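> Residue numbers (the working numbering), protein chains in the order written: chain A, 1 to 188; chain B, 1 to 115.
Misleading hints may appear alongside valid ones.
[Said to hold, decoys possible] These stretches of chain A come out as covered by chain B in the derived footprint (C-beta under 8 Å, 3 or more residues):
#, stretch
1, 57-64
2, 87-101
3, 114-124
4, 130-144
[Said to hold, decoys possible] Some chain A residues close to chain B (C-beta under 7 Å, calculated; not the full set):
#, residue
5, V3
6, G51
7, A105
No lab work stands behind these hints, which were simulated from the structure alone. As the structure is a prediction and not an experimental result, all values here were calculated from the model. A virtual CB, placed ideally from N, CA and C, is assigned to each residue, including glycine.
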Amino acid sequence: MLVVFGVALLVLAAAVVVLFAMLAELAARIPDRSTPYRNPAIRALGEARVGNSPDTWPVELPQRDRSVVLVLSTICNACEDVARQLTTDPGHTDWAEMSLVISTAARIRGEEFIVRNRLGEFPYFIDEGGEWVHGEFGVQSSPTALVFRGSRLESAHEFNDVAALRAALAQGPQVMANGELHREKEEV
Amino acid sequence: MTEHAANEHGTSEVHGGRKRRVARRRFLSGVGSGGLAAAAVVFGKPTAASAYDLNCCHLCFKPSISVSTCQNASRHYVWGCTADGGFLHCTCCERGATTATCSGVNASAGSCQYG
């Protein structure tokens, strides 16, 4: 009798777990209306040492003729949203010239950030204390996009909308380097 | 002889009942511990329960010190963040040892301004 009761309880518990899992799955499929509006404006980062070539270049970051390094931080809430845009919303895995610098207090936190946001498929460099990006380019905020020609910093920008950033970069470095670019997002 | 056999039979019944009880206890304890383990796996993911969001800052705690106090500490991590397309600027700071979790952080600070 006790065994039957135990098994019934187990089945009931399993059913409750499955029910909650189904609810979570359904909730995940419903578009999140609380997603904050992303301002598509791209602003030049005044504090960046544009024109500088760093003394050291992390081996983790590929060096190309032209590359874009997105600087994210584990302390930055807006960076979580950028990470979400890179992977799933809508995803930018086709952005071959892009790599990531993760500024963090401790390396393990940076690694945790990469895993949690599933950013492992992008080239990334964990920058403890932000020492490299701050020391070499004077950049101490995120999310920031650094555009390089070889290892020379060509321009630096603040952004929140990855798609808007890509579109702006596609217009050419001159447009980006000469100042701010504001593009209103088309209403869907 | 018959009485002895009956006694033996009774003893074996007692032993059999005890074995069943022990087996039942083991089964139920296995179910219980398995359930606990499953619950730990499903629900036991560490979450930043104490995390505090100040605009674009993702801090360990609600700010209790000024940014300058935080920056003056021997151990701290300070970084800026921007929101609203770069129009909102915040300075985020955590004071304390930089460990994997917030356990090493003893206070957070943050300030924001538009411009």
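> Take the hints in turn and mark each one as holding or not.
Status of each hint after checking the structure:
1. 57-64: violated (count 0)
2. 87-101: violated (count 0)
3. 114-124: Our answer is that it is violated, as 0 residues pass the Cβ test (under 8 Å) against chain B, missing three.
4. 130-144: With 6 residues closer than 8 Å to chain B, the stretch 130-144 of chain A meets the three-residue bar; holds.
5. V3: Nearest chain B Cβ about 6 Å off; hint holds.
6. G51: 21 Å, violated
7. A105: 4 Å, holds
Violated hints, in rising order: 1, 2, 3, 6; the structure is consistent with all others.
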